[in-house]
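2 protein chains.
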Amino acid sequence: MRETWVVGAASNRFGKMKESGREAATRVAMEAIRQSGLSPKDIGYTFVANAFGISEHQGHVGPLINNGLGIPEVPSATLESACSSSSAALHEAYVHVAGGFIDVALVVGVEKLSHLDTLAATSYFAVAADYAFETKNGATFPGLYATLASAYRQEFHPKDEMFGAIAVKNHANAARNPHAHFQKEISMETYLSSPMIASPLRLYDCCPFSDGASALVIAAKEFVQRPVTEPLVFRASARSGAVTDMQDRPDLLGIPSTRLAADKAFRQAKMTPKDINFLEVHDCFTIAEALALEDLGFLPKGTAAKESYEGLTARDGKLPVNPSGGLKAKGHPVSATGASQVVEIFEQFNGLAKGREVPKAEVALAHNVGATGGSCSVHIFSRR
Amino acid sequence: MRETWVVGAASNRFGKMKESGREAATRVAMEAIRQSGLSPKDIGYTFVANAFGISEHQGHVGPLINNGLGIPEVPSATLESACSSSSAALHEAYVHVAGGFIDVALVVGVEKLSHLDTLAATSYFAVAADYAFETKNGATFPGLYATLASAYRQEFHPKDEMFGAIAVKNHANAARNPHAHFQKEISMETYLSSPMIASPLRLYDCCPFSDGASALVIAAKEFVQRPVTEPLVFRASARSGAVTDMQDRPDLLGIPSTRLAADKAFRQAKMTPKDINFLEVHDCFTIAEALALEDLGFLPKGTAAKESYEGLTARDGKLPVNPSGGLKAKGHPVSATGASQVVEIFEQFNGLAKGREVPKAEVALAHNVGATGGSCSVHIFSRR
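Protein chains in written order, with our numbering: chain A, 26 to 409; chain B, 26 to 409.
Calculated from the structure, these hints are not laboratory results. Hints may be right or wrong, so weigh each one.
Which copy is meant is left open, so a pair is good if it fits within one copy or across any two.
[What the hints assert, rightly or not] Derived lysine to any residue pairs resembling SDA-like cross-links, with alpha carbons at most 25 Å apart:
id : residue 1 : residue 2
1  : Lys66     : Val268
2  : Lys246    : Arg27
3  : Lys66     : Gln272
4  : Lys326    : Glu98
5  : Lys43     : Tyr149
6  : Lys66     : Asp276
7  : Lys161    : Ser148
8  : Lys289    : Gly125
9  : Lys299    : Glu255
10 : Lys385    : Arg340
11 : Lys161    : Ile79
12 : Lys184    : Lys343
13 : Lys184    : Thr172
14 : Lys246    : Ile127
Quick caveat, the model's predicted, so the values are computed rather than measured.
Okay, chain A solo, but in the shape it has when bound (with noise of 0.2 Å):
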């Protein structure tokens, strides 16, 4: 396999999106190749993620993103992973340009739902459920998370404080985030304070519908040679899945491809947890956060919240967590997620994430669920 890497990276400010899927996603686009230091021409394929494009009657945006770039022949699919779509894309993208299929690839992660009412956005997300077991049966996600959640105090007994210290710390990070969602801190009170959505996940549990759009430029090393960016080096891209329905798993206290995506990785990048300096995980609502660090092998079973609790994730301790205030408050626009992440690690090697710096950014995981877990991607990067 060749030595590949990322040299670009971009994300608009997620939110609330006026231009349309296509426009925010040629846009961002545009501006990884500019920063990567390498030409549209030099790309070799695109992948798109863009799973509610429906809902703006657009499919097929590649060829549409590339008509934008200048780049019409240039070949493009768009992968759909449900959460984790744009981290599935990228795992092409590695594979195409490791493989040496192609010298340069693109991946574009866009979502836009703003356009819709509460109900009809919700209805969209929720396609990544069970239709026949779970959905038709009135599950949505707030509701299958609020599952795991209960599990895990049924058996751990945290404090709604330590959940708390989640949200409150992703917060913090996303009021020095230019591209987050929510930009402003929040107290404990406001998140003990805060409505209960699906018990026992209150609405600072929760990350937020948004659109937003975010890209990546990989590349392989010997194409490159002299890169503009500090890039980062793939040390591990990983994808498993896992039993989708909670009712036929051993148990709820974890998400299993999770654990098998981390496995495989941490043996691609021949790495334990302790060479980690920082993470970006899925915490779409604050036990996902939790359970991550656990299945990913970072903390043992039922300690995560109370970890953070006590500051460990915090952006100055020992092992920041989601320094980009993570789906929770930079905002969860589905497809540009997983991408997302990786903008932010970026932007941590690249001395671009002002004001909210790690204290050490040599080596990053980024992790990304699909669902409730029926997919999972782990990725992890090291410096040259």
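Since chain A is already given, all that's left is putting chain B on it; use the hints.
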């Protein structure tokens, strides 16, 4: 690159499916795996094509299929590239296996729209066009392809019977294909008296809306060693994009992405059109079959309709085209179409195309177009 094979291929009968997309997909996947002599446990990645699953309230269908196959841990992703979705998925499978990332990949294409009324189904199809410049202004695919047919007629003055010959031939082939939606022959009189849909396209110039599912098992030669079927050896797997919108193209006498993908594919295979024994091409409308034969380099511009009328492309002609019946008569379940073309080639190579055998089945080409040519895939397969 490792030598890579198609070792199993299955399809249901196209038309109207009573079962859901996920059920049909799981069933045909199981059939393709059984036929390959491999086990579900051998699969390293599942690539699904299912552009319109949202109409069934179901996205993220890969994990559901893998769960059904008893391999929940296997990663998956859904590929969308309009009508070329499952050939895009096939390309990913090829890259993963040929590049040595995995040994065996599963490709499943599935689409179900028959639960919708015609207007709703047409709206789903239409998302593959450019919403801002085409769909919003009233263009649907019959109209867009009618524009191509008008340009062709204006330039080359073919008789109506020449396009009729393409429809009559494809229906004759489909009548002998148990997977086909329309298993009946039509006469030239039936063609000529059929109602105008979008001038100059008559009813029998157009493919139907079909439900359907097709699956392929892709494996490395060195992994399989002793295949239980006659494998298709990948000689080329090529994709291209092109200018999406009619108004931006230099001319309307062909599909530029077909020319580019064909050029790549023939270079990869070190072959010319003379080496190909038969083809499956993307005939969503009869004009598309004529353009494909010319753009792929088999016939000079303006001659394909005439040559079809004179019998060149019949099942027992010198260059059999669409022995399956093509999209026109086998049917066009959007995301299953590209994979189903390879199912036909597999059945021809394995003596399973009873009653519709082509004279020589040693080297074959599959051509799959997304929308009006924003994407195109060309695959070339030979015997061992």
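Here is how each hint holds up against the structure:
1. In this assembly of identical chains, lysine 66 and valine 268 lie within 25 Å of each other by CA distance solely across copies; the values are 15 Å between and 42 Å within a copy.
2. In this assembly of identical chains, lysine 246 and arginine 27 lie within 25 Å of each other by CA distance both inside one copy and across copies; the values are 7 Å within and 23 Å between.
3. For a Cα distance limit of 25 Å, the shortest separation of lysine 66 from glutamine 272 across copies, 23 Å, qualifies, whereas the shortest one inside one copy, 49 Å, does not.
4. Taking CA atoms no more than 25 Å apart as the test, lysine 326 paired with glutamate 98 passes between copies only; the shortest distance there is 21 Å, against 50 Å inside one copy.
5. With identical chains, the CA atoms of lysine 43 and tyrosine 149 are at most 25 Å apart both within one copy (20 Å) and between copies (24 Å).
6. Taking the shortest alpha-carbon separations for lysine 66 and aspartate 276, only the inter-copy value of 23 Å comes in at or below 25 Å, while the best intra-copy value is 49 Å.
7. Taking the shortest Cα distances, lysine 161 and serine 148 sit within 25 Å of each other both inside one copy (11 Å) and across copies (24 Å).
8. Proximity of lysine 289 and glycine 125 under a CA criterion of 25 Å is satisfied in both settings, with 22 Å inside one chain copy and 16 Å between copies.
9. Taking CA atoms no more than 25 Å apart as the test, lysine 299 paired with glutamate 255 passes inside one copy only; the shortest distance there is 23 Å, against 49 Å between copies.
10. With identical chains, the CA atoms of lysine 385 and arginine 340 are at most 25 Å apart within one copy only, with a shortest distance of 10 Å there and 67 Å across copies.
11. Taking identical chains as interchangeable, the C-alpha atoms of lysine 161 and isoleucine 79 lie at most 25 Å apart whether they share a chain (21 Å) or sit on different chains (14 Å).
12. In this assembly of identical chains, the alpha carbons of lysine 184 and lysine 343 lie at most 25 Å apart only when taken from the same copy (22 Å versus 77 Å across copies).
13. Only within a single protomer do lysine 184 and threonine 172 lie at most 25 Å apart by alpha-carbon distance; the minimum there is 17 Å, versus 66 Å between protomers.
14. Proximity of lysine 246 to isoleucine 127 under the C-alpha cut-off of 25 Å is found in both arrangements, the shortest distances being 12 Å within a copy and 23 Å between copies.
Every hint from the earlier list agrees with this structure, and none is contradicted.
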